[in-house]
Each structure stands twice: as structure tokens, then as C-alpha cells.
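So the protein lines, in turn, are chains D and L.
Under our numbering, the final residue of the first sequence carries the number 83; numbering is consecutive throughout.
Under our numbering, the final residue of the second sequence carries the number 1192; numbering is consecutive throughout.
There may be inaccurate statements among the hints.
Claimed, not checked - Derived Cβ-Cβ restraints for the label pairs, each shown as a range:
(1) L:R1143 <-> D:V46: 42 to 50 Å
(2) L:G1155 <-> D:V46: 55 to 63 Å
(3) D:E45 <-> L:L1154: 23 to 31 Å
I should point out that these hints are in silico values taken from the structure, not numbers from a laboratory.
All residues carry an ideal CB built from backbone N, CA and C; glycine is no exception.
Next come the chains, spelled out residue by residue.
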Amino acid sequence: MTTHNDEHLGELLRLLPPAPAAWVTAAQELPLARVQLDALVERAEVDAAFRASVVADLEMAIRASGVEPSPVVVEHLRKLLSR
Amino acid sequence: MVVAQDVEPSDADLVARCRRGDRDAWDALVVRFSRYVYAIATQAFRLPQHDAEDVFQDVFTKSFERLGSLRSDDAIRPWIGQLTRNCCLDHLRASGRIVLVEEPEDRAADDAIARLDEAITVRESLEHLGEECREVLDRFFCRDESYRTIGEELGIPAGTIASRISRCLGHLRADLEGRNAAAPPSSGQVTT
């Protein structure tokens, strides 16, 4: 960095707007839940009855796998199951 | 000089705490680098929001999983930058939008990332300022809020905001110049 005039500082500050808050929350929560959710989805892919029970009550399925079913986690599981 | 009352933990402190399973440290680390990752995906690689969100989550998941492989806790910023770059390229390749790595577009992305690196250095200095300056500069430049909105939100006369911004930019400049004078030359190979 060579010059620090006001215009240049302003331009650089403008380059870093906040990321959407929901993305940040998800990034904070999902890595911790990832292993359990992946296992849950993997089982749902090969066990139709299990998949039906998961889809019927996502929150309960998440809780049963040992993860707190926050809205972000529930939404992520919904997305994974719809792929 | 307006100086922050609370001292932010260093990148290395945050990384060390994350490795010990400190949930609060992980939350703080995500917040600290969220703008950087977002900007690389949306500005350097111009990904649409939906794709940028996938990359964003992928970067932080991989960061969480691979934190143990980071050679130096101080190197988290370039490490995350490189990880984000790789995730963006993987995403573009998977979607068939690029075939080769060393295309002119890719060099343009690297130039944009270099500029974002400069921006994040300024951002770090912003975090050293007091709450009053952090808020007004962030709202005006990063969140693109009007004088009127800033005045209403912070409870200060809109007519004083321009002078406050100018004064705070002066503090920011002083902090940056102090840091540049004290900083050792940077180096380092980054592996992700």
C-alpha cells in the first residue's frame, strides 16, 4: 500500500461489505453438525422408511442424531435431502 | 487517536482456540473472515449469489476440517484466501464455465484478490479504532448507508457526519501507517 488518501481508503473499505447474516450464521453452525447430517443423509439414501421418517419430522431426526436443530441446520438438511 | 477499548484477539489466538474446540472462537473466526470470503466469491470471481453461498459454506466447512493442517496460525488469512480461490475455481469448473486454470479471467481474479488483501488490511486497522469510528465508517462505506440513516441509527446530527467520517479516516490512516512502519516483510508459501 503506497498512499492512504481519503478517497483510496474509502474505495478499499467499500470492497468489503458484510456477507449476508444468514450465511454467516450457517457457516458458524454447519461445520459442527456436518458429520452427523452427512451420516443421516447417507442412511436416508439407502433406507426409504428411514428417509420418510426424517422428511416427516426433520427437527426430531436432527435431534436424534445429537445435533441441535437450529433453523439453519434444519434448512440445510432439507436442502441436502432435496438433491 | 481513537483507540478501541477492547483488544481483539489475534488471528493466531483465534486459530489456537478453534483447535482446542472453543466454539466462541470459531464463531469469531467466521465473522472475521466472512467479508473476505464473500468478496472473493462475488467480486474476484463474480459468482452469482446462489453459487457464492455454496462456495462460502464450503470454504468454512473445509477451514473447520483442515485447521489442523495450517502450518502457521498467523497464516490463516492467506490460507483462507487461497482456499476460497480454489473453491471458486472448483465451482466454476464443475459448472462448466471454465476449462483452463491460467486463463486471463483467472489472472484478473488474482489481481482482484490482491486488492481485497489490501482492503482487509485496512479493515484490520478499522477494528483497532474506537466504536464511534468503526460504526460510522462501516455504515457509510461498507453498508452504503446515507448520512440521514447513519444519523438516525447512531443518534447524531446528520450534519456532523461528514466531518466525523473525515476525522475517523484520519485515525484510520494513522493506524495503517503505524502498522506499516512496524510490520516485518511478509512472505510465505500457502498450502491448502
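**Item:** Hint check against the structure, violated hint numbers in rising order
**Value:** 3
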